[in-house]
Amino acid sequence: MKTGIYPGCSLTGSARDYNESVFALAEAFDLEFAQIPDWNCCGATAAHNLNKELSLALPARILALAEQNGLDEIIVPCAACYSRLVVTQNELKKNPELKNRVIEILEMDYRGTSGILNVIEWIDKYIIPKLDEKIVKPFNYKVACYYGCLLVRPDKVLNYDRAEDPQTMDIVMSKIGADPVYYPYKTECCGAGLSISRTDIVSKLSGKIIEDAEHRGADAIIVACPMCHSNLDMRRSDINKYWGTEYKIPVLFITQAIGLAIGLSSEKVGLKRHFVEVKIS
Amino acid sequence: MSHSEHHIEINSLAYSIEKSVEVTAQKCYQCGKCSAGCPVADEMDLPPSMVLRLLQTEDLANDEKVLRSHSIWLCVTCEMCLSRCPMEIDIPSMMDFLRQKSRSEKKVNPKAKNIIAFHKSFLNSIRFTGRLYELGLILDYKRQSLNMTQDISLAPKMISRGKLHLFPDMIKGKAQMARIFKKTSK
Numbered sequence: 001m002k003t004g005i006y007p008g009c010s011l012t013g014s015a016r017d018y019n020e021s022v023f024a025l026a027e028a029f030d031l032e033f034a035q036i037p038d039w040n041c042c043g044a045t046a047a048h049n050l051n052k053e054l055s056l057a058l059p060a061r062i063l064a065l066a067e068q069n070g071l072d073e074i075i076v077p078c079a080a081c082y083s084r085l086v087v088t089q090n091e092l093k094k095n096p097e098l099k100n101r102v103i104e105i106l107e108m109d110y111r112g113t114s115g116i117l118n119v120i121e122w123i124d125k126y127i128i129p130k131l132d133e134k135i136v137k138p139f140n141y142k143v144a145c146y147y148g149c150l151l152v153r154p155d156k157v158l159n160y161d162r163a164e165d166p167q168t169m170d171i172v173m174s175k176i177g178a179d180p181v182y183y184p185y186k187t188e189c190c191g192a193g194l195s196i197s198r199t200d201i202v203s204k205l206s207g208k209i210i211e212d213a214e215h216r217g218a219d220a221i222i223v224a225c226p227m228c229h230s231n232l233d234m235r236r237s238d239i240n241k242y243w244g245t246e247y248k249i250p251v252l253f254i255t256q257a258i259g260l261a262i263g264l265s266s267e268k269v270g271l272k273r274h275f276v277e278v279k280i281s
Numbered sequence: 282m283s284h285s286e287h288h289i290e291i292n293s294l295a296y297s298i299e300k301s302v303e304v305t306a307q308k309c310y311q312c313g314k315c316s317a318g319c320p321v322a323d324e325m326d327l328p329p330s331m332v333l334r335l336l337q338t339e340d341l342a343n344d345e346k347v348l349r350s351h352s353i354w355l356c357v358t359c360e361m362c363l364s365r366c367p368m369e370i371d372i373p374s375m376m377d378f379l380r381q382k383s384r385s386e387k388k389v390n391p392k393a394k395n396i397i398a399f400h401k402s403f404l405n406s407i408r409f410t411g412r413l414y415e416l417g418l419i420l421d422y423k424r425q426s427l428n429m430t431q432d433i434s435l436a437p438k439m440i441s442r443g444k445l446h447l448f449p450d451m452i453k454g455k456a457q458m459a460r461i462f463k464k465t466s467k
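Residue numbers (the numbering used here), protein chains in the order written: chain A, 1 to 281; chain B, 282 to 467.
Some chain B residues close to chain A (C-beta under 7 Å, calculated; not the full set):
| hint | residue |
| --- | --- |
| 1 | C359 |
| 2 | E360 |
| 3 | L363 |
| 4 | S364 |
| 5 | D377 |
| 6 | H446 |
| 7 | G454 |
| 8 | K464 |
It should be emphasised that the hints constitute simulated quantities derived from the structure, not laboratory data. Glycine included, each C-beta is placed from N, C-alpha and C at the ideal position.
So that you can see chain A by itself, here it is in the shape it has in the complex (with noise of 0.2 Å):
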């Protein structure tokens, strides 16, 4: 089994942090994944909202390169990139018309069966058998497990977690010590894309995830999407801005959360580049 890496544009550059932590914990463990030689960015929103072709070329094009290269399967640690990935890979099984013309775009094979697993799936597969040995600080903290859209929706398609309060975060939280509280926000949207076009509205999305988060007395926000986290964390000046609040709780990553609980340092699992301050270490 050869497993490979699609880390998506964001984890380059705003999600850096989360890359570091994904990183880490495969250095800790020991998993070894290769990265898709020159992959390219999924097209995100942007492309199926304005061309429906282009959104399922772009993924496909990856996935064709984790083909040529024999990757039997591929971690997508971004939500979005993920969704977009299964999506694609969904619609060219259903539809062959459609597959051979994004064959003729791409001027490349592509037969669609590269495994695809999200972060959660990583974990569940490669970490939590080895975990209990390797813990040493356990994460006792209150958590609210925010799952958001694409990690979960299109459920039918995705086939992962239930749509309605999904449990797979909650469970891998739970492993490592922490306590997931009650959290019926765990996935509203947080007004994804239109961060930059519409802070306005992000910033009310995500200020009743926060404060949902805050009343029910979680020390942390935990996510799995570096969407999510620029939102909530990058976003939170404009957030209380908009609210007129002050909100401090912190956002992290579910791979730096256990990363701390194996006993890495903030640092290594990249906390010191957020923007809300996390005094959990």
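Keeping the supplied structure of chain A fixed, place chain B upon it in accordance with the hints.
Chain B alone, transformed into the frame defined by chain A:
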């Protein structure tokens, strides 16, 4: 009236939606769960269930309202509506189709100007480099939206945290990317 086969008006928007993305607006029985769960419904001129209702009339004036609405651009494709729809109507795919049709027929709601400017800047960025160049995206968006002061304080904070590339990350398959963009542009 027989309900065995519903005849759809061929000139209607509902018909082109069914033909292109296999979404049947007529299935909707107006329970309103999509609008209740939609995170941006209160910003919309037409919440999703209302878009479906207008499409069901197969009336050209109503189709026009849909294509010229602000709603289709405010939709963030969070997929909540589809996940809660008892009839499994794929509203997000329908919204993608409506956005593209609204643009090709030059019926874009003027209030959506900045949202579209952002999407265009995003695609421009990856067209030339293959990967998103966030600084280039922000500058191109400012040029397109003429929104010069917004987020001016964010960039230096991102740079000091190592979160913003000063230079683009170019992929090797640039010619292939250019070809993909060319072949998919209508």
